[in-house]
Every structure is written in structure tokens, then in C-alpha cells.
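Visitor: Chains as they are written, first to last, in this note's numbering: chain Y, 741 to 915; chain A, 72 to 548; chain Z, 826 to 954.
One thing to keep in mind: the hints can contain errors.
[Unchecked claim] FRET-style restraints, in silico, Cβ to Cβ:
# : chain 1 : residue 1 : chain 2 : residue 2 : range
1 : A       : Asp541    : Y       : Pro834    : 49 to 57 Å
2 : A       : Gln73     : Y       : Ala752    : 40 to 48 Å
3 : Y       : Ala843    : A       : Ser500    : 58 to 66 Å
4 : A       : Asp126    : Y       : Leu833    : 52 to 60 Å
5 : A       : Gly233    : Y       : His877    : 40 to 48 Å
6 : Y       : Ala843    : Z       : Arg918    : 44 to 52 Å
Just so you know, the hints here were simulated from the structure itself, not pulled from any lab data. Don't be surprised by glycine CBs; every beta carbon is placed ideally from N, CA and C.
For reference, the chains in residue letters:
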Amino acid sequence: MTLYSLLFYLLAIIILASTVMAVTRRNLVHAIIYLVVSFFGSAMLFYLLGAPFLAAIEVIIYAGAIMILFLFIVMMIDVDRHKERLFPIRQCLPAIIFGLVYAAVGLMVTFGHSGSKASMPIAVATPNAFGRFVFEHHWLAVEIVSLLLLVALIGALYLGRLKIEKSAAAGKETP
Amino acid sequence: MQTADFTALTPLLLLAAAIAAVMLQIALKRSHILTIVLTLAGLIAAMLGVLAVGDMPARQVTPLVTMDRLAFFFIGLILTATAATALLGCRYWEHAVGQCEEYYLLLLVAALGACVLAAAHHFAAFFIGLEILSISLFTLMAFARRRMASVEAGLKYLVLAGISSAFLLFGIALIYADVGSLAFPIWTARLQAAGETVSPLLLIGMGMTVIGVGFKLALVPFHMWTADIYQGAPAPTTAFVATVSKSAMVALLLRLFAPVDFTAEPALFWTLAILAFASMIVGNILALRQDSVKRILAYSSIAHMGYLLVAFLSGGPAAIAATVFYITAYTITVLGAFGVVTVLSRTDADADSMSDFQGLFFSHPWLAGVFMAMLLSLAGIPLTAGFIGKFYAITAGAQGGIWWLIITLVLTSAASLFYYLRIVVAMFSPPLENKTQPPAAGISYSGGLVLTVMTVLLIWVGSAPGPLIDLIGRITQ
Amino acid sequence: MDVNDPVTSIATIWPLMVFLLAATGLVIVMIGLSALLGQRHWQRTTGEPFESGMLPTGTARIRFDVKFYLMAMFFVIFDLEAIFIFAWAASVRQLGWFGYIEMLIFVGFLLLALFYLWRVGALEWGTKR
Chain Y
741 MTLYSLLFYL
751 LAIIILASTV
761 MAVTRRNLVH
771 AIIYLVVSFF
781 GSAMLFYLLG
791 APFLAAIEVI
801 IYAGAIMILF
811 LFIVMMIDVD
821 RHKERLFPIR
831 QCLPAIIFGL
841 VYAAVGLMVT
851 FGHSGSKASM
861 PIAVATPNAF
871 GRFVFEHHWL
881 AVEIVSLLLL
891 VALIGALYLG
901 RLKIEKSAAA
911 GKETP
Chain A
72 MQTADFTALT
82 PLLLLAAAIA
92 AVMLQIALKR
102 SHILTIVLTL
112 AGLIAAMLGV
122 LAVGDMPARQ
132 VTPLVTMDRL
142 AFFFIGLILT
152 ATAATALLGC
162 RYWEHAVGQC
172 EEYYLLLLVA
182 ALGACVLAAA
192 HHFAAFFIGL
202 EILSISLFTL
212 MAFARRRMAS
222 VEAGLKYLVL
232 AGISSAFLLF
242 GIALIYADVG
252 SLAFPIWTAR
262 LQAAGETVSP
272 LLLIGMGMTV
282 IGVGFKLALV
292 PFHMWTADIY
302 QGAPAPTTAF
312 VATVSKSAMV
322 ALLLRLFAPV
332 DFTAEPALFW
342 TLAILAFASM
352 IVGNILALRQ
362 DSVKRILAYS
372 SIAHMGYLLV
382 AFLSGGPAAI
392 AATVFYITAY
402 TITVLGAFGV
412 VTVLSRTDAD
422 ADSMSDFQGL
432 FFSHPWLAGV
442 FMAMLLSLAG
452 IPLTAGFIGK
462 FYAITAGAQG
472 GIWWLIITLV
482 LTSAASLFYY
492 LRIVVAMFSP
502 PLENKTQPPA
512 AGISYSGGLV
522 LTVMTVLLIW
532 VGSAPGPLID
542 LIGRITQ
Chain Z
826 MDVNDPVTSI
836 ATIWPLMVFL
846 LAATGLVIVM
856 IGLSALLGQR
866 HWQRTTGEPF
876 ESGMLPTGTA
886 RIRFDVKFYL
896 MAMFFVIFDL
906 EAIFIFAWAA
916 SVRQLGWFGY
926 IEMLIFVGFL
936 LLALFYLWRV
946 GALEWGTKR
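Just chain Y, same shape as in the assembly (with noise of 0.2 Å):
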């Protein structure tokens, strides 16, 4: 066993203990915290496989901007103390299945016969290859995507503004 596969196993683990840990846990927050930490260990993983730039972009997306809104999210919508079982067998039943599936998948994926084997091969993404890559093939993509920041960003304003609008509406209905 080298070095290599030696800490590919270990970041698996810690990525699987702390997913595990995440899903099962009641208070929400507990949750994030742990998700936080999987995060980072697919960062890591990244970096292990040789794309440090989306390492780098796993932190700083996923384990920073989007546990923010997640944390926000939790403390908006006041879920707690809920006594029900954690996994209604309603719900149990359709992950199950769920899951099967994508072990079946991953198996074939390790296991069975590419059609075109040498189709990936392996290789170093440094951050100036990706730049490169990016906005000398794929500039249009790169355009567009503006537009789907910027829509999203109407978007959730205009939907998340009700309650400013509310109170607007009501003063003027009421002078």
C-alpha cells in the first residue's frame, strides 16, 4: 500500500464517518457542522486526484458560502423538536431504492468494462490550465453563467422580499 492509496482510504473514511454523521443527526445544526467537515475531506480528496483548483473551490462554495445559507436557512425556519422517528418508513422505503441503484452504478463503474478505456486519462488540472481552458474554449459558458448568477439573484430577491412588500402594502392600504 502506498502512501497515496494510504490517504485515499483515510479521507474516505472521514468523508463516509462524517456524511454518516450528518444525515443521522436530530439538531440541525449538528448536522451542518458535520457536513462542513465532509466537505473538507472532499477537498482534500480533489486535491489528492489532482484538481486543486476545485479543491480549492469545494472550500470555498461549499464549506463556506453554502453552510452560511444553510445555517441562515436553519434559524429561519424554527425546525425543532420534532418527536417523530428521524426516518418514517414512507421515506425509508424510496432511499432505499434509491441507494441500491447508485451502488449498482458504482460497482459497474468500478468494475465493469468501459467501452473506450483510455478515454480518461489522468491528469494534473493546475489552476492556469483551468483558467485556460475555461475562458479560451468555453468562453461563451462562462457569459452565460453571468446571466444565471444574475437571475438567481432577481430571483431570490424578489421572492425573498414578501414580507418587506407586505408591511409596504399595508401601510398604504391604512394611512
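Chain Y is already provided as a structure; the job is to place chains A and Z on it using the hints.
Guide: Okay, now just chains A and Z, sitting in the frame of chain Y:
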């Protein structure tokens, strides 16, 4: 990055410029009328752009999109439908509480996402376009925020679109693992070469892609969202969902699967054939049991996507042309039908139940006439665009020899007459006595314009389909 | 790169190793030192958050304003924008002017969005004027 790239992208660039202009205008000074004018100006400029560069030879701009005649045709269709929706929205949002200028901004962005989908040549473009479209769509659905049904529709769409995107993304990953490229031509070539011995990985990936496409087209196992969203969303949004989102997805369907020879790929053929069969049967049966006009139109849209798949699956030389013709006729008809619903709607509630349409002929004879024409077109009565579309689909199917699907199409269309005629009968029955009168506001100029244009197109395509068939023949060569 | 070659794999992942060791070491030292050196006493008010001042009452799980969500959403979106800028910055010399113009358009759209947010008052935290 040459000038030719930008020339080919002209419509999209103009549309993006319109988005920037409308956004700046809203930020500087809110004015409903100014926003509408800017939106329409942008859409018309983009349409002129399509006319100007539409005859150019196909050009691939970055690996993502290919601007060919098919793409330009669908972009033109999408822009027209968006302009019609904006015009319909004019009167609808006029008296809305709060700000409504963002509606047009979101419409423009959604149209851009749909245009990207129509020109997509790469799974990355497929996914980005789909996300832009979905995100703007659920905001548009929840736009009437004071109506719980509208917000609920937006939320349902958000959750279900998220799930379908997850499936699609997983499918794309599997396809990439097998093929080693995200470009459409490479994947269709690989599918073609594999024949019956296609690897399980590619098969699952393909299945998940079909789920993603099927969700947007509302084919039967993935149709759950349709009725609630058609009913809950504001009427102009429903018109938009039923036309723009569907036609963009049909364009994508053509790019993904049309190059594949179905006889060499039975798995794909049977998957799509069963979806088509189930859509025709379930859509029509459920429509029979509805009492709400919007829900009837929702279930009929499911059935119509089934008919469209019959044309597509025929695999003969006429398959692509028949599919394109069908979606064009369907877009015209549905814009007209939801146009009538929009015109009759009030700010607080849409015209929806049968009783809202009872006696329409006596209060608004012209509206009743237009709505009847649209319903007859949906049912496939001669002299309407819908008839030619169905006829074309059946001819293509007969060439392809898929008789069991054609028989299903004919039988279910015959059954569908029942619920379309129910609405027609309601319109011509005497008005209810104790009914609160629908708005006496009358028809706005903008709504009237849309309805007139759609009716003229409907009759013109229905009675003299030659020019449109020629045009489609030219773009699908 | 051959990942199975032990020489190259160690050569590329040693910064990660050093960082991991340093981070773990720092935590061990911090906790260990305070455990060794710190004083242990347990009195009536030791467990309370403030040595003097008001005692917290009730639960911390109350409903917060929806504005928090909006701010988090804006943060995520502008964070994503930053990611694209990072990718551009990493290869800015090779990309040249074309990349610069590309980035200008990208940032321009988002700047427009920021201007829009500012004008419609989405960035204001207090009550509406």
C-alpha cells in the same frame, strides 16, 4: 473568437443587451410601460437578428453551441412566444400590488436560457441553459406572491426541477465516464456504433437523460407537476411554460436523439415509445375527469407531447420535419388558448372553472370564437394548424411503420374531442344567473393583438400550410 | 503524472501532508497546553456565559428575519463570481486582452446586478425610508 462567431450569435447578443437595458431601466426608474417597450424592442431586435443571419451556413461557436438553421428556427419561435407572453402580461400585471417590472426581466432571461438550449451542442450548454430556464420559471410561477396557489406552484416546480436536474447531472456524469466527451455528436456516434451491445453505463446515463428531458416535456411517469403548476401559476406564465420551455426541450430532443438510428438502438426506441404511449393514454384519460379549464389544458399538453413523440419516433425522413411542424402548430394554438384565459382573468384570480366560461359567447362573442378555434385546433379538426400537425405526425408514423402508436394516437384524439367540446358547449350555453360578473374591463389592445395574430396564424397554417412546410423542409435538410 | 509512482506522488502531495500535520499539531498543542497549565475549579457561576451581566433565558432557536437568507444568497452568488475571477487571474497573462474583455463583460453584468440591488433597496438592513 472571430467575427463570424459573433455574427452567428447576433440574436443571443441582442437578447443579452436587452436584459442589461431592462435591468438598468428598472434600477434607475420604475415604469411599467417603459419596461414593456424596452422588452418588446429587445425581442423584436433579436427576431430581426434571426432573420438577418438565419440563412448563414451552420457555425459552431465554442464547443458549446451550434448556430444552424434548426437553432435559428427554434430561437425565432421562442422569441415570438416570449413577445406574446410579454404582451399578454401587460394588462394582467397592470393592477398588481407591488412591483411587476421584474416579470419582463425574468421573461427575457428565461428566453435566453431557452435559446441556449435550442442551440446546445454539448451537455454543458444543455445543463446551463436548463438551469437558467428553470430558475427563471419558478420565479415566474410564484410571481403572484399574494396567491398561495401561485407560490405553491413555484415551490413544487423548484423541488421537482431540482430532482430532475440531479438525475440529469448524474446521467451526464455516467455518459462522460463511458464516452469521454460531453459533445453531442460524439455521444450519438458512440451510441450508433455500439448498436445493441451498448454498455450498461451508457444505458443508465441515457435513461437518466431521458428522465431530465421527460420531466420538462411532462411525459407520463414524470408528469406529476403539470396540472398543479398549470393551474396555480399566473396565466401568462402558464402560456410561457407550455410553449417556450416545451419548444426548447423539443429542440434539444432533436439534437440528442434524432441522429440515432432507432432500428439499431431498440432500447432507446422502446423507452421513448412507452413514454409516448403512456402520455397519450394517461393525459387524455385524466383530462376527461377535470373541471378546471387550466387543468384540462395541462393534461391535454401531456397528451400532445405524446403525439409529438409519435412523429419523432417514426424515424423516417419526415420525422424531424413532422416534429418541428407539430411543435410550431402547438405553440401557436396554446398561446391563443392561454391568451383567452389571460384576457378573462382578474388580478386576484385567474379565469379557471367551467362557470367562468359559461355563456362567454353572449358576453364576448369574439373571445369565444377565438377560444373555440384554439380548442378545435388542439382536438385536430380540419382547417386548423393542429389538424395539419396531427396529419403530418400520422403520415410520418405510417412511413416509419409504428402502427400501434398511430392507432393509439387516433383513438385518444377521438376521445379528447369530448373534453374540448365540453368547454365549447359551456361557452355557448346561456350565462349563469347568479354569477358574479367577470371583469367588464374589456380586452386590452395588447391582448387583442396577440389573439388576432395567433388566430390568423392558426387559420393560415391550417388552410395553406405550404410555406411553413417549405420553410421547415429547408431547415431540416 | 503516474499516481502509482511513489516518488512523484510524495513530491506532489507533501505540502498537503505538512499542512495536515501542522494543523493537527497546532490543535493538539493548544488543547494539551491549556489542559496542563489551566486551573480547574468548579463554582456556582463557572458554567455561565458571563461572569457578570444578564443571564440568557429561553432558547436560541427563534425565527430570524428573512433578510438573513437574502444576504446569504447574495453572498453565495458573489462568491461564485469570485471563483470565476480566481480562475481568470490564475491565467491572466496567457489569456491576454481577449480574456480581459471577457472578464469585463462577466463582471459588468454582475456589477449591474449590484447596482440594481442597491437601487431597489435590497442592501438596506434597517426599516424602509
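Visitor: Now tell me, hint by hint, if it's right for this structure.
Guide: Hints versus structure:
{"no.": "1", "hint": "Asp541(A) / Pro834(Y): 49 to 57 Å", "in the structure": "50 Å, holds"}
{"no.": "2", "hint": "Gln73(A) / Ala752(Y): 40 to 48 Å", "in the structure": "47 Å, holds"}
{"no.": "3", "hint": "Ala843(Y) / Ser500(A): 58 to 66 Å", "in the structure": "59 Å, holds"}
{"no.": "4", "hint": "Asp126(A) / Leu833(Y): 52 to 60 Å", "in the structure": "56 Å, holds"}
{"no.": "5", "hint": "Gly233(A) / His877(Y): 40 to 48 Å", "in the structure": "29 Å, violated"}
{"no.": "6", "hint": "Ala843(Y) / Arg918(Z): 44 to 52 Å", "in the structure": "46 Å, holds"}
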